[in-house]
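*Asks:* Chains Z and S are the protein sequences, given in the same order.
The first sequence begins at 1 in UniProt numbering and counts up by one.
The second sequence begins at 1 in UniProt numbering and counts up by one.
One or more hints might be untrue.
[Unchecked claim] Derived CB-CB ranges, DEER-like:
#1 Z:A67 <-> S:P108: 28 to 38 Å
#2 Z:A67 <-> S:T172: 12 to 22 Å
#3 Z:R85 <-> S:L163: 27 to 37 Å
No lab work stands behind these hints, which were simulated from the structure alone.
Predicted model only: the values in this text are computed from it and were never measured.
For every residue, glycine included, the Cβ atom is placed at its ideal position computed from N, Cα and C.
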Amino acid sequence: MVAQQIINAVSLGGVYALLALGLAIVFSIVGLINFAHGELMTVSGYALLASLFLGFPFPAAVLVAVACGALAAVAMERVAFRPMRGASITSLLLTSFAVSSLLKVVFQNGVSARPQAIAMPSWMTGAFSLGDFTIGVGPTISIVVSVLALIALEVFLRRSVTGTAMRAAAEDFDVVRLLGIPASRIIATAFLLSGLLAGLAAMLWVAQRASVDPLMGFTPVLKAFIAAVVGGLGSLPGAVAGGFLLGVIEVFLQATLPAAAAPYRDAIVLSGVIAVLLVRPQGLIPAVRVQRS
Amino acid sequence: MLAVEALKIRYGEVEAVRRVDLSVGGGEIIALVGANGAGKSSTLGAIAGLVAPAAGRIVFDGTDITGKPPETISRRGVSLVPEGRRIFASLSVAENLRLGGAMHLAAPEAKAREQEMLDLFPILRRYHRIKGGNLSGGEQQMLAIARALMAKPRLILLDEPSLGLAPRMIDTVFDLIAGLRRNGLTVLLVEQNVALALEIADRATVLANGEAVLAGTAKELATSDLVRQAYLGA
């Protein structure tokens, strides 16, 4: 029972971490909280639905779905945010709200406001025994995928030129451009990565629920936003730490709160967030940003 | 090599540069001197593409680069070492250097260039794996210059390289700048320390309140009454 709860906590935390990372990557480069990040999840979810409907085998459908999330993010930047470059943060925020609302309406009216069931392969819903413990396959896959994604991202940011330039741009974007590295490439890559992460998170989220709906991205991305703020907005290690922390706290409260207190779970979590921010206003692992004169 | 004609720069209502004309020939060291707020940094910013001029023309090697984005100007062969150095504090010395050449050189060429830079700045070899933020001010200035040189620029713009450095370190940095010219590089130097700038420059232009008020060889300026009274404290 305890082992299963730990697996659940890490699995949920992993999804929050992927989403929070996506928000943090874009924020660190462009200074924008992309409120349409949840809709990237929705796009991926519906792409999975469509691919399966078209008869794609399950693994291929997942690849298509994740790729659609990434492409949607790049398209979002190209169509909605690039024309707004240089605009105030408020204008960018409003733009991201507009994109979010627009996509919600497209899915509500274009498909249906009601959830659509997605049949998960039977092996994903099973469980396996490890000694005395019974462990769900779904959460285990979720943990493995999250960890692999985090490692791949870390390798990209450390080893590749574009990744290094992105870490540099988070500190001082102008100087990156002075070195001849095109701003568009850095920004497009940031959105591409955030879309990939949202697509992966959507797959893990859908796998646990076996359905998609037009609002499916809202709750997880709200949680991811909280995780990113707790971790230190714009800090990538902070986003990961915040994501896992939030997952663990949620599952812990879920398991231990008496039934009468259960409705207050989110209130208790958010009180914890306020407490953290009172003690560490820059978050757990603050972002590095050079002060300019 | 570089010609700046009737440059004007505005930040909202404030006119930072009213009129600056400037010409830099290949292999020269040209100093742009003047008091704080005279418009020196803004002029460099406009040449590098960080600031869009309100009027005027900037021509580099026969091509009009006025208002072009900084990445384009950098790839044409102009590198700016910004005021305050602005090295990437969370990146290692090696990573700072690699980004400098990333868009200009193919991988093997970039490796060779990095070795040249480490030979030119031995201190950077010692701190190769250290984060830029942990270097001293002088070491950061070396790193900022080396990072700009990674691109093998033909024109290097230096904004206040002596700022905040210990006197001994200033000598080292200025010896180095004089050495760059011997390797065929053209240098446009902005400096508040006028005496220092005139020591290594061939020619200089004095800016006051956003206008070029005096220009001539470094020797002429060092002996002119205006410069002696206003900047050299004679």
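*Asks:* Tell me if the beta carbons of Z:A67 and S:P108 are separated by a distance inside 28 to 38 Å.
*Replies:* Once the Cβ atoms are compared, 34 Å apart, the range 28 to 38 Å for S:P108 and Z:A67 holds.
*Asks:* Starting from the range 12 to 22 Å, see whether the pair Z:A67 and S:T172 falls in it by beta-carbon distance.
*Replies:* Given range 12 to 22 Å: violated, Cβ gap about 53 Å.
*Asks:* Do the Cβ positions of Z:R85 and S:L163 conform to the proposed distance bound of 27 to 37 Å?
*Replies:* The hinted range 27 to 37 Å holds for Z:R85 and S:L163, with Cβ atoms some 31 Å apart.
Comparing the model with each numbered hint stated earlier shows that hint 2 is the single one that does not hold.
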